[in-house]
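> Sequence:
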Amino acid sequence: MEPIYIYHNNRRLRCGHTTGTCAAAASKAAAHMLLTNETLERVTILTPKGILLELDVEDITMGDTYVSCAVRKDGGDDIDATNGTLVYSTVRMIDSGIAIDGGTGVGRITRKGLDQPVGNAAINRVPRSMIREALIDISDIYGYEGGFDVVISIPEGEEIAKRTFNPRLGIVDGISVLGTSGIVEPMSETALIDTIKVEMRVRKESGDRTILVVPGNYGKDFAEEYPGMDADRAVKCSNFVGEMLDYACELGLDVVLVSNLGKLVKVAGGIMNTHSRNADSRMEILAANSAIAGASIETVKGIMGCISTDDALELIDSEGLIDKVSELLLEKVQFHMNHRTGGRIRTSAVMFSSVYGLLGKTDGADEMLKEIDRDVTV
Numbered sequence: 006m007e008p009i010y011i012y013h014n015n016r017r018l019r020c021g022h023t024t025g026t027c028a029a030a031a032s033k034a035a036a037h038m039l040l041t042n043e044t045l046e047r048v049t050i051l052t053p054k055g056i057l058l059e060l061d062v063e064d065i066t067m068g069d070t071y072v073s074c075a076v077r078k079d080g081g082d083d084i085d086a087t088n089g090t091l092v093y094s095t096v097r098m099i100d101s102g103i104a105i106d107g108g109t110g111v112g113r114i115t116r117k118g119l120d121q122p123v124g125n126a127a128i129n130r131v132p133r134s135m136i137r138e139a140l141i142d143i144s145d146i147y148g149y150e151g152g153f154d155v156v157i158s159i160p161e162g163e164e165i166a167k168r169t170f171n172p173r174l175g176i177v178d179g180i181s182v183l184g185t186s187g188i189v190e191p192m193s194e195t196a197l198i199d200t201i202k203v204e205m206r207v208r209k210e211s212g213d214r215t216i217l218v219v220p221g222n223y224g225k226d227f228a229e230e231y232p233g234m235d236a237d238r239a240v241k242c243s244n245f246v247g248e249m250l251d252y253a254c255e256l257g258l259d260v261v262l263v264s265n266l267g268k269l270v271k272v273a274g275g276i277m278n279t280h281s282r283n284a285d286s287r288m289e290i291l292a293a294n295s296a297i298a299g300a301s302i303e304t305v306k307g308i309m310g311c312i313s314t315d316d317a318l319e320l321i322d323s324e325g326l327i328d329k330v331s332e333l334l335l336e337k338v339q340f341h342m343n344h345r346t347g348g349r350i351r352t353s354a355v356m357f358s359s360v361y362g363l364l365g366k367t368d369g370a371d372e373m374l375k376e377i378d379r380d381v382t383v
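Going by this note's numbering, the sequence shown opens with residue 6, and the numbers climb by one from there.
What the hints contain is simulated information worked out from the structure, not anything from laboratory work.
Please note that a few of the clues may not be correct.
As the list claims (entries may be wrong) - Straight-line alpha carbon distances no greater than 30 Å define the calculated DSS-like cross-link-like pairs of lysine-lysine that follow:
id	residue 1	residue 2
1	Lys202	Lys225
2	Lys117	Lys375
3	Lys225	Lys366
4	Lys241	Lys209
5	Lys117	Lys54
6	Lys54	Lys241
7	Lys209	Lys329
8	Lys241	Lys366
9	Lys241	Lys375
10	Lys366	Lys337
To be verified - Label-pair distances were calculated between CB atoms; the ranges are:
id	residue 1	residue 2	range
11	Thr41	Ser101	18 to 24 Å
12	Asp316	Glu336	44 to 50 Å
13	Glu324	Pro8	56 to 62 Å
Using N, Cα and C, we set each Cβ at its ideal position, and we do this for glycine too.
Sequences and hints are given; from them, build the entire structure.
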């Protein structure tokens, strides 16, 4: 098959295929070999996106009652922890039905709120459907009226899982078999947003009513040092503040957003995706609010020439205006968070600087942080 490409930010990027596609393709190949007793070097699989793939079949073992083989994960130009990993399927004939479970290296669900019930292998709904459809196709081709027992294994999975969100989400002993389209699209934001949503669902199913949210490691590190914040329970939203707030509304979860100034200053300007390629008006927003707070024209001009928000804070501090500027910014952060959520949930924010420490909190932040602490201790 010809490689599949997409264009992202004017770059031509090659697509790959998901672990779910690998599991379905390996299962189809194993069932084919089990019913025909003939080895198969390549297998075709139709992805949910409607793209037909032809994939190599590797490491074939044909036993008396089973066949095991593997298909290699290909992340395309979106290299992740699972790229190049072999995904195995071991298929046996049974009287009826199609039973699917996970073996070595496939995680096991231990917490509510995930795609599968507690106790199930972490093989998501779409890959399970792909496996079933592939095996039904093989049964139809060869007139087989029995069933199949399928075990998906990823020998490297337990080690790979240490570099993923799985332990944090309550998925133990391996990685998840994932994919909704069957195709890996490089630089796709959908997969990251889906991970954020999973974390939020897990927090809700754990009994949380108010959640602590941080954009990334800076926020988590600050939370670890701040009294009353449990950093281990924080949800990372990356740059997707707007999508996080939208989903919090859907779940009915109140939100305390803890972030450094570099991210929150954008939210103060109504920017809900804080990645620099979408918008970077940090200095414009800081300069405008510094002017409102009473900064001199020289300071305002100086801020516009700064590279980092901490550099800008140094100029603001020279006029003794950090508290006033922070207050103005937090008022606007609160306004834009309320505007995005339409008042359907409560929101608050805590803003800090890696150099100047805590800069301020919106009204209600302290009480909401106490509520998070009470949720933890209940």
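> Each hint: holds or not?
Tested hints:
Restraint check for lysine 202 and lysine 225: the C-alpha separation of about 18 Å stays at or below 30 Å, so the hint holds. For the hint pairing lysine 117 with lysine 375, the CA-to-CA distance comes to about 24 Å; that is within 30 Å, so the pair holds. About 16 Å separates the Cα atoms of lysine 225 and lysine 366, which keeps this hinted pair within 30 Å; it holds. A threshold of 30 Å between alpha carbons decides the hint, and for lysine 241 with lysine 209 the separation of about 15 Å falls inside it, so the pair holds.
Pair hint lysine 117 plus lysine 54 holds up; C-alpha atoms about 28 Å apart against a cutoff of 30 Å. As the CA atoms of lysine 54 and lysine 241 are separated by approximately 29 Å, the hinted pair is consistent with the 30 Å bound. Note on lysine 209 and lysine 329: the hinted pairing is violated, with a Cα-Cα distance of about 36 Å set against a maximum of 30 Å. For the suggested pair lysine 241 and lysine 366, the alpha carbons sit about 19 Å apart, so the restraint of at most 30 Å is met.
This hinted pair checks out: lysine 241 and lysine 375 have alpha carbons roughly 20 Å apart, not beyond 30 Å. Between the alpha carbons of lysine 366 and lysine 337 the distance comes to roughly 12 Å, so the proposed pair stays at or under 30 Å and holds. Against the hinted window of 18 to 24 Å, the Cβ-Cβ separation of threonine 41 and serine 101 comes to about 21 Å, which satisfies the hint. A hinted range of 44 to 50 Å is violated for the C-beta pair aspartate 316 and glutamate 336, which are about 23 Å apart.
Between glutamate 324 and proline 8 the beta carbon distance is about 57 Å. The supplied range of 56 to 62 Å therefore holds.
In summary, the numbered hints that this structure violates are 7 and 12.
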